[in-house]
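2 protein chains.
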Amino acid sequence: MKRRDIIAAAGVGLAATALVGCKEKDQSVAGGPAAEQQKFNWKMVTSWPKNFPGVGVGAENFARLVTEMSGGRLTVKVYAAGELVPALEVFDAVSRGTAELGHGAPYYWKGKVPAAQFFCALPFGPNAAEMNAWLHHGGGIQLWEEAYKPFGILPLACGNTGVQTAGWFNKEIKSVNDFRGLKMRTPGLGGEVLTKMGGTVVNMPAGEIFTALQTGAIDATEWIGPYNDLALGLHKAAKYYYTPGWQEPSVQFELDINLKAWETLPADLQAIVRAAARAVNGDMLDDYNARNMEAMEQLKSEGVDVRRLPDDVLARLKEVAGEVVESSANADPVAKKVWEQQKAYLKRLYDYAESNEKDIYTIRG
Amino acid sequence: MKRRDIIAAAGVGLAATALVGCKEKDQSVAGGPAAEQQKFNWKMVTSWPKNFPGVGVGAENFARLVTEMSGGRLTVKVYAAGELVPALEVFDAVSRGTAELGHGAPYYWKGKVPAAQFFCALPFGPNAAEMNAWLHHGGGIQLWEEAYKPFGILPLACGNTGVQTAGWFNKEIKSVNDFRGLKMRTPGLGGEVLTKMGGTVVNMPAGEIFTALQTGAIDATEWIGPYNDLALGLHKAAKYYYTPGWQEPSVQFELDINLKAWETLPADLQAIVRAAARAVNGDMLDDYNARNMEAMEQLKSEGVDVRRLPDDVLARLKEVAGEVVESSANADPVAKKVWEQQKAYLKRLYDYAESNEKDIYTIRG
Chain A
3 MKRRDIIAAA
13 GVGLAATALV
23 GCKEKDQSVA
33 GGPAAEQQKF
43 NWKMVTSWPK
53 NFPGVGVGAE
63 NFARLVTEMS
73 GGRLTVKVYA
83 AGELVPALEV
93 FDAVSRGTAE
103 LGHGAPYYWK
113 GKVPAAQFFC
123 ALPFGPNAAE
133 MNAWLHHGGG
143 IQLWEEAYKP
153 FGILPLACGN
163 TGVQTAGWFN
173 KEIKSVNDFR
183 GLKMRTPGLG
193 GEVLTKMGGT
203 VVNMPAGEIF
213 TALQTGAIDA
223 TEWIGPYNDL
233 ALGLHKAAKY
243 YYTPGWQEPS
253 VQFELDINLK
263 AWETLPADLQ
273 AIVRAAARAV
283 NGDMLDDYNA
293 RNMEAMEQLK
303 SEGVDVRRLP
313 DDVLARLKEV
323 AGEVVESSAN
333 ADPVAKKVWE
343 QQKAYLKRLY
353 DYAESNEKDI
363 YTIRG
Chain B
3 MKRRDIIAAA
13 GVGLAATALV
23 GCKEKDQSVA
33 GGPAAEQQKF
43 NWKMVTSWPK
53 NFPGVGVGAE
63 NFARLVTEMS
73 GGRLTVKVYA
83 AGELVPALEV
93 FDAVSRGTAE
103 LGHGAPYYWK
113 GKVPAAQFFC
123 ALPFGPNAAE
133 MNAWLHHGGG
143 IQLWEEAYKP
153 FGILPLACGN
163 TGVQTAGWFN
173 KEIKSVNDFR
183 GLKMRTPGLG
193 GEVLTKMGGT
203 VVNMPAGEIF
213 TALQTGAIDA
223 TEWIGPYNDL
233 ALGLHKAAKY
243 YYTPGWQEPS
253 VQFELDINLK
263 AWETLPADLQ
273 AIVRAAARAV
283 NGDMLDDYNA
293 RNMEAMEQLK
303 SEGVDVRRLP
313 DDVLARLKEV
323 AGEVVESSAN
333 ADPVAKKVWE
343 QQKAYLKRLY
353 DYAESNEKDI
363 YTIRG
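One line per chain: the protein sequences are A and B, in this order. According to my numbering, the stretch in the first sequence is residues 3 to 367, in order. According to my numbering, the stretch in the second sequence is residues 3 to 367, in order.
Since the hints were derived computationally from the structure, they do not count as laboratory data. Incorrect hints may have been included.
Identical copies go unnamed one by one, so any copy, or any two together, can satisfy a pair.
To be verified - Once the Cα atoms are required to be at most 27 Å apart in a straight line, the calculated DSSO-like pairs of lysine-lysine come out as:
(1) K360 x K302
(2) K173 x K360
(3) K302 x K349
(4) K360 x K241
(5) K302 x K345
(6) K185 x K151
(7) K345 x K320
(8) K41 x K320
On a predicted model such as this, the values are computed, not experimentally measured, just so you know.
So that you can see chain A by itself, here it is in the shape it has in the complex (with noise of 0.2 Å):
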């Protein structure tokens, strides 16, 4: 890449409106009394419970600095789960315009869109830092909007959960032979791992989980990390909480836009939607790592057994993902064209981290 080509790249998805058409926008917006401004209320529908800590929250503080910014121009009304649409309609009530803005985990709408799930959370995947390089600067958010882009849609990163957990057991993980005939609730490509492993996939939405975990309706949920996972109580309902989070080592959550109402925003009223989102994409990863760590120490303190999945079985885990993920990819023309750019783009940065982040923990001792 020459440095002409590096310096003009940089700019893609903060700056990509060219200032002189945002000047133009300008002098039409500002050039009469405000009641002449063109004002816009927009509604933002969720997948999450009102005031639901961390990825609710980062909705919510979306919304309250597009309002801000604005000046009240953009004015943003966030709908929880289920007020206008339920958690997993979001994709669909943007597309159809319902709502022109949306926020949700691209794998949530994986059977409509099977690329979804590439730029969401990838099992022995990208951690955030990863996926926000190759969202960014290494062609995943072209591959994002040109697959979102026959519904309607322009995607935007808006936050990240980070390292997740292996999830709430009350069975001991001892061997790959444990995972058989267990009841687990753990959505996406892990869930698909689950399955292969001999376990039943049992998907529900957060407020069934704690009920289904304590009368043993499952044996084993995967959720969010400490954090949300305290906030549901799941340490009352089950015996060993496993680390690390191999089916989900980051998880990325989108803005979905109206491309239609998109159009209609003037440039600098774009530009505030797109700083809005990414400037909460990093806040929240923030407040993850923050809060993570601070419920993971309550757990403990509570007595919660913490444990490590065996080598052997994340091993096995492992193998059966590589497996799944290449499968997913292939069902569909779309998400193969996305995985086979990112695989490749992801071992890169993965041989690159082995000598420099990786290499960065071990020796802090």
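Guided by the hints, dock chain B onto chain A, whose structure is given.
For chain B alone, kept in the frame of chain A given last:
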């Protein structure tokens, strides 16, 4: 922490300004025709040469974003190092109001504000994610604001290099003795460690490093990482490229805002400045994580001899670094206050990382 507090705290640094204040401002600002709107034309001095990859481009992105989001109501003109003030006088220039904004590395002004380096980089210290978790959700930013307030400056996090490298050497490092008499360009706490190891620190501006290394005026230099090092051509003047960057597992950059100028901004423009800084904070790290990997590949393809510092050398460097950080903190009451809070917090993050962030690298294999 109670749930109420957690939710309230989640907005800190992102949406601290009440929306009601914002609406009032909006009415006054938007109440007249364009010519009557208050416009702000601000200057931003930086420590970077024009079009400098990574950090310099990030500073320019910040300026562009603010101008774009505000529809030209707040324009930011960027000055490269030396155009208005020298690279290392950015902090002073913003403090006295020569420029409303500045962009640089906190440890550049450690002579004036010894606490600054704790917001920047610590040998064997936090990576970018940990530094940012501490800053934004672990009490760091409040300490930072307190440390800069006497100088009339509001600091915001605005970019990070991620993991650096240990630098370019024309002498092989086989044991701790090889640091004796070594003349090396390396600033900050890393430089103090080198001095204690028997080396001689020689500091100089970026433009002089290549020649100094080539002529043997210095035996070694640390600069930033593969992306910037390649741009400077350091591989053409040194035999060995050592990893990992023990001295700077991450370097956090700052936006300096003149407090008096800040107070003249309406709430919507303040929100825009905050969000632009936060957006660039994430984007610059993504940029470095992508480009460092690519640049290292190129360096290797050009035959650069990339080596890891020996374990016993790293162990001794760590020991000395611990002493240097402590004595540096003890030499100044503000620095001491910052470090005591930071040290305790980082220890908790490091402990958590062992079974989570670090383990993710291990299981990926």
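request  = Hints the structure violates: just list their numbers, smallest first.
outcome  = Those not satisfied are hints 6, 8.
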